[in-house]
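Q: If you want the building blocks of each chain, they are given just below.
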Amino acid sequence: GAVVSQHPSWVICKSGTSVKIECRSLDFQATTMFWYRQFPKQSLMLMATSNEGSKATYEQGVEKDKFLINHASLTLSTLTVTSAHPEDSSFYICSARDGRTDYNSPLHFGNGTRLTVT
Amino acid sequence: ILNVEQSPQSLHVQEGDSTNFTCSFPSSNFYALHWYRWETAKSPEALFVMTLNGDEKKKGRISATLNTKEGYSYLYIKGSQPEDSATYLCASYGGNQFYFGTGTSLTVIP
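For the protein sequence lines, the chains are S and Y, in the order given. FYI, in my numbering the residues of the first sequence are 7 to 124. FYI, in my numbering the residues of the second sequence are 16 to 125.
Please keep in mind that the hints were generated in silico from the structure rather than gathered at the bench. Remember, predicted model here, so these are calculated numbers, not experimental data. Some clues are possibly wrong.
[Unchecked claim] Derived lysine to aspartate or glutamate pairs resembling EDC-like cross-links, with alpha carbons at most 20 Å apart:
no.: 1; chain 1: S; residue 1: Lys26; chain 2: S; residue 2: Asp108
no.: 2; chain 1: S; residue 1: Lys70; chain 2: S; residue 2: Glu58
no.: 3; chain 1: Y; residue 1: Lys57; chain 2: S; residue 2: Glu58
no.: 4; chain 1: Y; residue 1: Lys93; chain 2: Y; residue 2: Glu60
no.: 5; chain 1: S; residue 1: Lys47; chain 2: Y; residue 2: Glu20
no.: 6; chain 1: Y; residue 1: Lys57; chain 2: Y; residue 2: Glu98
no.: 7; chain 1: Y; residue 1: Lys73; chain 2: Y; residue 2: Asp32
no.: 8; chain 1: S; residue 1: Lys26; chain 2: S; residue 2: Glu69
no.: 9; chain 1: Y; residue 1: Lys57; chain 2: S; residue 2: Asp33
no.: 10; chain 1: S; residue 1: Lys47; chain 2: Y; residue 2: Glu54
[As the list claims (entries may be wrong)] The following label-pair restraints were derived from C-beta to C-beta distances:
no.: 11; chain 1: S; residue 1: Leu74; chain 2: Y; residue 2: Glu60; range: 25 to 33 Å
no.: 12; chain 1: Y; residue 1: Asn82; chain 2: S; residue 2: Gln48; range: 49 to 57 Å
no.: 13; chain 1: S; residue 1: Ser111; chain 2: Y; residue 2: Ser43; range: 16 to 24 Å
no.: 14; chain 1: S; residue 1: Glu69; chain 2: Y; residue 2: Asn111; range: 38 to 46 Å
Backbone N, C-alpha and C define an ideal beta-carbon position, used for all residues, glycine too.
Just chain S, same shape as in the assembly (with noise of 0.2 Å):
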């Protein structure tokens, strides 16, 4: 159980477009999304958390209007990465909580989406 389907798993896209990630809550109701960039050899790091129905809140130094949040429903978050430039070629990945749990609960990730800007 707790499956969470990520797409895609990568993208190549050419600077100035946008590109749109998704994670979708398989078999429960994600009621937290956490939205985490990952740069080679560091690690794992929040980008911003989003509750369904809410405004996303960003991380410090995460600049809200081009890294586009949507998590309209219980059961899909979407991250937008807008007017792409080479510097947001990284390592995607996003997780999700249920209301039910904390962080005595683990989270459930997502499979990860590599995006390259050309």
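We have chain S; now place chain Y onto it with these hints.
A: For chain Y alone, coordinates are given in the frame of chain S:
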């Protein structure tokens, strides 16, 4: 920001060997420590969630211990098998978010 460190960064062991890795985290404001196994092209899979000092958890050949006073956790794998090859991530919950280590990449050589 919490500094969570894992060592070693990578290691290669022979099939059948036992091995262990370390996760260090700030001991102040500690809530929980998570271990995940992350195989290539898959999603991180939860191994253990630990909260109490002195906690020991076991799942088959894999076990983990937790010392919250000194801020470290050990993950042990007994009799490593090729299917244990993966990156092992730890994450410490610091009150408002999880802070991850960079992982230990384990390769088990048949």
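Q: Does each hint fit the structure? Answer for all of them.
A: A quick look at each hint next to the structure:
Proposed proximity of lysine 26 of chain S and aspartate 108 of chain S is contradicted: the alpha carbons are some 28 Å apart, above 20 Å. In summary, the hint linking lysine 70 of chain S to glutamate 58 of chain S is supported, as the alpha carbons are separated by about 17 Å, within the 20 Å threshold. A threshold of 20 Å between alpha carbons decides the hint, and for lysine 57 of chain Y with glutamate 58 of chain S the separation of about 25 Å lies outside it, so the pair is violated. The straight-line distance between the Cα atoms of lysine 93 of chain Y and glutamate 60 of chain Y is roughly 19 Å, inside the 20 Å bound, and the hint therefore holds.
For a cut-off of 20 Å, the pair hint linking lysine 47 of chain S to glutamate 20 of chain Y stands: about 12 Å separates their Cα positions. Of the supplied pair hints, the one linking lysine 57 of chain Y and glutamate 98 of chain Y holds, its CA atoms being roughly 13 Å apart against a limit of 20 Å. With a C-alpha separation of about 18 Å, the suggested pair lysine 73 of chain Y and aspartate 32 of chain Y falls inside the 20 Å cut-off, and the hint holds. Distance restraint check for lysine 26 of chain S and glutamate 69 of chain S: the Cα-Cα separation of roughly 16 Å lies within the 20 Å cut-off, and the hinted pair is therefore satisfied.
Proposed proximity of lysine 57 of chain Y and aspartate 33 of chain S is supported: the alpha carbons are some 18 Å apart, at most 20 Å. About 16 Å separates the Cα atoms of lysine 47 of chain S and glutamate 54 of chain Y, which keeps this hinted pair within 20 Å; it holds. For the pair leucine 74 of chain S and glutamate 60 of chain Y, the supplied restraint of 25 to 33 Å holds, since their beta-carbon distance comes to about 29 Å. Between asparagine 82 of chain Y and glutamine 48 of chain S the beta carbon distance is about 26 Å. The supplied range of 49 to 57 Å is therefore violated.
Distance hint check: the CB atoms of serine 111 of chain S and serine 43 of chain Y are about 23 Å apart, consistent with the given range 16 to 24 Å. Range check, glutamate 69 of chain S to asparagine 111 of chain Y: about 20 Å between beta-carbon atoms, so the 38 to 46 Å window is missed.
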